[in-house]
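J.: What follows is the residue order along each chain.
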Amino acid sequence: MATARELKNKIRSVSNTKKITRTMEMISTAKSRVCQKRIEAVQPYGDKLGEMLRDLGRAASDPEQASEYPLLRSPEKIRKEAMIVITANRGLCGGYNTNVLKLAERRIRRLADEGTTCEIHMIGKKGAARFRYLGREVTQGYFEIDDKPTYAQAEAIAQPLLDRYAAGELDAVSIVVCHYESASRQVPVERPLLPLGGGDEAEGESSGGEFILEPDPGTILSHLLPVSLKTRFFQSLVEAAACEQIARRVAMKNATDNAEEMSHSYKQLYNRTRQATITQEILEVIGGSQGMS
Amino acid sequence: MATLHCQVLTPEGRAYEGEATFVEAQAVDGRVGILPRHAPLLTALGQGPLRVRTADGDRSWTIEGGFLQVLDNQVSVVAERLTED
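Going down the list, the protein sequences come from chains X and S.
Numbered by the numbering used here, the letters in the first sequence go through residues 1 to 293 in order.
Numbered by the numbering used here, the letters in the second sequence go through residues 1001 to 1085 in order.
Bear in mind the hints are in silico, worked out from the structure with no lab data behind them.
Just so we're clear, the structure is a prediction, and the values are computed from it rather than from any experiment.
Any given hint might turn out to be false.
Here are the computed lysine to aspartate or glutamate pairs in the EDC-like style, where the Cα-Cα straight-line distance is at most 20 Å [as the list claims (entries may be wrong)]:
(1) X:37 with S:1017
(2) X:37 with S:1012
(3) X:253 with X:113
(4) X:10 with X:257
(5) X:48 with S:1017
(6) X:31 with S:1012
If the Cβ cut is set under 8 Å, some of the chain X residues that face chain S in the computed set are [to be verified]:
(7) 41
(8) 42
(9) 49
(10) 52
(11) 55
(12) 56
(13) 151
(14) 153
(15) 210
(16) 211
(17) 212
(18) 213
(19) 220
(20) 231
(21) 232
Ideal Cβ positions, reconstructed from N, Cα and C, are used throughout, including at glycine.
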């Protein structure tokens, strides 16, 4: 049985840990709220771009034109795909990184079966470390993105990939990311970015107006396409940041609860030990005095 | 006096929303000015100033890349990069 002193040390250590996890929980709660606001902030921008794209899609839908815009090309066979995997720079967020990486692994294997080579663009130190451990090659890692991704950062990562797709170096670009469904539900998803699927643009309402297009549909489209793709990627980054904070909040809440429980049971054990020692001492005193008389 | 509804959107959020009497922006091939009851229009914006004239004065920004849409007396400016002057 542990001595009272040992138990006291354990209680102290557990309650110190509890202080840390509780603080982290509170920080994540605050940060996740900011991140959720950012998701809402980018929403109208993304929606408007989508709406414009659909309006334009009707005006410039003839396939002749598609060949003029390299971003609209649809390769017959996908030989090379760039996969952007979005993970966190830090751990202590439960299964957040693991779940995203598992999905990425599955997609890589599936693509390999289909004969597609895969280029991994890893965002987040955790993902890069995991893939290094697995012996998977990471083409490029990006570690400077924190809980407040900026549009400029999204652009810096996405633009080279779009250029390479346009040049025919890549046949597909996809994102593997944690999708923010609601504050209580986040799931890892695969998001194909390129080639542009026909169905994706068709969904949702277009504004239904007959527009004067200045200077001409083609020019607008050549501007609109990259912007809309970069925005989709930016939205993924913002979502991932929110999911990370929520996952950390949940993980830290569990840790705090566990620490609470542990410290409680240690305290009970400590009191029992203390009581046993006192009883023992009293018995010894009584035994001693009886021996004397 | 007739007004139009104007909103300015950026990836970081809504920069402006309200009634305006005149919106002026830099399109890729020249400047465009939008007055109330303009016909539906969709245009790509280049680099340059964006000015919104409202009842209580002018607001102005510098835009780098974006789009402008006019529909039903509503002007939506979608700006990739926006700095307030």
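J.: Minimum Cβ distance from residue 232 of chain X to chain S below 8 Å?
T.: Given a least distance of 11 Å, the restraint on residue 232 of chain X is violated.
J.: Verify the interface restraint on residue 213 of chain X: the C-beta must sit less than 8 Å from at least one C-beta of chain S.
T.: At about 5 Å, which falls below the 8 Å cut-off, the nearest Cβ of chain S leaves the hint on residue 213 of chain X intact, so it holds.
J.: Could you grab the alpha-carbon distance between residue 10 of chain X and residue 257 of chain X and see if it respects the 20 Å cut-off?
T.: holds, 16 Å
J.: Between the alpha carbons of residue 37 of chain X and residue 1017 of chain S, is the straight-line distance 20 Å or under?
T.: OK: residue 37 of chain X and residue 1017 of chain S at ~18 Å, within 20 Å.
J.: Given the hint that residue 31 of chain X pairs with residue 1012 of chain S, test it: the Cα-Cα distance must not exceed 20 Å.
T.: OK: residue 31 of chain X and residue 1012 of chain S at ~16 Å, within 20 Å.
J.: Can you verify the interface hint for residue 151 of chain X: is its Cβ closer than 8 Å to any Cβ in chain S?
T.: It holds, given that the least Cβ distance between residue 151 of chain X and chain S is near 4 Å, below 8 Å.
J.: Does residue 231 of chain X hold up as a contact with chain S if the rule is Cβ-Cβ below 8 Å?
T.: OK, holds: residue 231 of chain X within 8 Å of chain S, min 6 Å.
J.: Against chain S, with CB atoms and a cut of 8 Å, does the hint on residue 55 of chain X hold up?
T.: holds, 6 Å
J.: Tell me if residue 41 of chain X is really an interface residue toward chain S, meaning its C-beta lies closer than 8 Å to one of theirs.
T.: Because about 3 Å separates residue 41 of chain X from the closest Cβ in chain S, which is inside the 8 Å limit, the hint holds.
J.: Against chain S, with CB atoms and a cut of 8 Å, does the hint on residue 49 of chain X hold up?
T.: The hint holds - residue 49 of chain X has a Cβ within 8 Å of chain S, the shortest such distance being about 6 Å.
J.: Given a cut of 8 Å on the nearest C-beta pair, is the interface hint for residue 42 of chain X held or broken against chain S?
T.: Holds: closest Cβ of chain S sits about 5 Å from residue 42 of chain X, inside 8 Å.
J.: If you take the shortest Cβ to Cβ gap from residue 210 of chain X to chain S, is it below 8 Å?
T.: Since the shortest Cβ distance to chain S is 6 Å, the answer is holds.
The structure fails to meet hints 3, 14 and 21 from the earlier list, while all remaining hints are met.
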